[in-house]
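So the protein lines, in turn, are chains A and B. For reference, each letter of the first sequence is one residue, going 1017 to 1301 in this note's numbering. For reference, each letter of the second sequence is one residue, going 15 to 328 in this note's numbering.
Hints are not guaranteed to be accurate.
Said to hold, decoys possible - So, partial list: chain A residues that the calculated Cβ filter (under 10 Å) puts toward chain B:
#1 1045
#2 1046
#3 1048
#4 1066
#5 1071
#6 1072
#7 1100
#8 1108
#9 1111
#10 1114
#11 1241
#12 1285
These are calculated hints, taken from the structure and not from any lab test. The beta-carbon is built from N, C-alpha and C at its ideal position, and this holds for glycine as well.
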Amino acid sequence: MATILFDGVAYGMLLFVLACGLAVTLGLMNFVNLAHGAFAMAGGYVVVILMDRWGVPFLACLPAAFIVAAMLGLLLERTLYRHMYSRTHLDQVLFSIGLVFIAVAATDYFLGSSQRNITLPSWLQGRKEILGVNVGIYRSFIIVLCGALALGLQLGLMRTRFGSRLRAAVDDARVARGLGIPVGKVFAVTFAVGSGLAGLGGALGTELLGIDPQFPLRFMIYFLIVVAVGGTSGIMGPFLASLLLGVADVAGKYYLSSALGGFVIYVVLIAVLVFRPHGLFARSR
Amino acid sequence: MSANASLVRRARWRWPEALVWVIAFGLLFLPPGKHLLLNEIAILALFALSLDLILGYAGIISLGHAAFFGLGAYAAGLMCKHVTPDPLAGLVVATLLAAMMGLLTSLLVLRGSDLTRLMVTLGVALVLHEIANALSRWTGGADGLQGMVVGPLLGRFDFDLYGRTAYAYSLTALFILFLAARRIVHSLFGLSLMAIRRNRLRAAALGVPVNRRLVAVYALSAAYAGAAGALLAQTTAYVSLEVLEFGRSADVLLALIIGGAGWLYGGLAGAVIFKVLQDTLSAGAPQFWMFWMGLFLVVLALVGRDRLFRLVRR
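Using the sequences and the hints given, assemble the complete structure.
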């Protein structure tokens, strides 16, 4: 029981790092970006290639995954995404599905369609008995790292100058521009950081989730659930939503069959959307 | 000009329209070889037509239209296996079931913004996918529903290997349902839908019962999608979980967007272009097709759909 809870929390933390970039673009900037998973996939493949081909140690791969995904995000934001902010949701959906298709096809073509796995360094493998609970060492590593990231993001968004500029730009871009806030740059940096975090999440998740060209499509719905259930006011909503989703998914698949486990999550999603369209943890406006 | 007069004028048949259908039925007399592809085109056209009813006319975005398609496919498959092998009976039952499902789930899409609607429609399709997967005793789960023996059409025409009967069947169903849709969108009901799409508040203020209209058109669209699914199940004698997957919802959206939403023929034109391109491009490697489709979508979205189609239609 406690082990399932623990695994669920680790899974949820991972989902949070994967999805928190989307929580900002979709939740705050109101941009439907179905291609978010593509950045996570990029991060995952960076780790696979660096470790498999060049034998780079795992810990060094994590920042590399972040940087590559962030650069990719920055590049795409400046060239393509920027033009799509003011379009209708349908256009944004078409655009980002198109990006996903390109990413899936290109990855499949260059890197093969089979699932890739990595071998973790030995000090991250294995399980340990802590306070009578059987915990995986790698999962504890994920919980600590992702927990620290979540805390840092919350502080960054609420306490720093950049965070308040971002919130201002999201609330009313015109007024923010009038006050001298470089709205375009703020969005670009935010987008890059969000993509980088997705890449980092993909890198951390390579071991647990497995990485293959279909990754962006397989996990798209999970990211959307995190944002939809978590609501759009800040980072804490998506964080709690990720934990809930992680625990529910792991427990559901353990106690029910794996098919019914998925079923429960989607039903909960629909119920939340219908009764609380602004998310479970949204502040009333 | 009164609303009625303008509707009558718009509903008049023009010769290019008639030509389209004459050619479509004329293709029946081609030598065998391409009828399987033509059958797929007709089915996708019907599916895209159903999406056009809600997206092009009522302005409801759906990322989960495969829910109704898949429901229709499974309904027709199970009817065939357990009740009667007659295809028409299966088609009718599947259509009605999908309409009922549309009626039920329409209540979910009335509320919230575009974004909520995207997620709810996606969620409904995923729930059905999971249910179909879990009920593997009836649906065959991941292996698909096998062992369908579809009886002859009208008791006389057997479904052959070359797909000529299949194409005739699907095309006739498409034609009849198209005529009905054409009649519906050129009625006052259709006009009120377009008013809702342009400005929901103002439509409500003019006395249009917005919610009732949306429920009605959503159920209608679901029925059309269910019919398309039933046609696929019966003409291929096989149903797999793939009928409920996200890819199918994305494909139909793409086909409709290629042809242009909101003029009924968009779905038809889009289905032809989509399937022909898919057939040629994926002959080499399936990745090519996905890549080009993705590139097309990105360019389309960047250039702007309106601008592109204004150029084409001129």
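Okay, the hints, checked on the actual structure:
1. 1045: violated (12 Å)
2. 1046: Since chain B brings a Cβ to about 8 Å from residue 1046 (chain A), closer than 10 Å, the hint holds.
3. 1048: holds (7 Å)
4. 1066: violated (24 Å)
5. 1071: Nearest chain B Cβ about 29 Å off; hint violated.
6. 1072: Residue 1072 (chain A) check fails; min Cβ-Cβ to chain B is 28 Å, beyond 10 Å.
7. 1100: holds (7 Å)
8. 1108: Hint on residue 1108 (chain A): holds, closest Cβ of chain B at ~7 Å, below 10 Å.
9. 1111: It holds, given that the least Cβ distance between residue 1111 (chain A) and chain B is near 3 Å, below 10 Å.
10. 1114: holds (3 Å)
11. 1241: Check passed: Cβ of residue 1241 (chain A) comes within 8 Å of chain B, closer than 10 Å.
12. 1285: At about 5 Å, which falls below the 10 Å cut-off, the nearest Cβ of chain B leaves the hint on residue 1285 (chain A) intact, so it holds.
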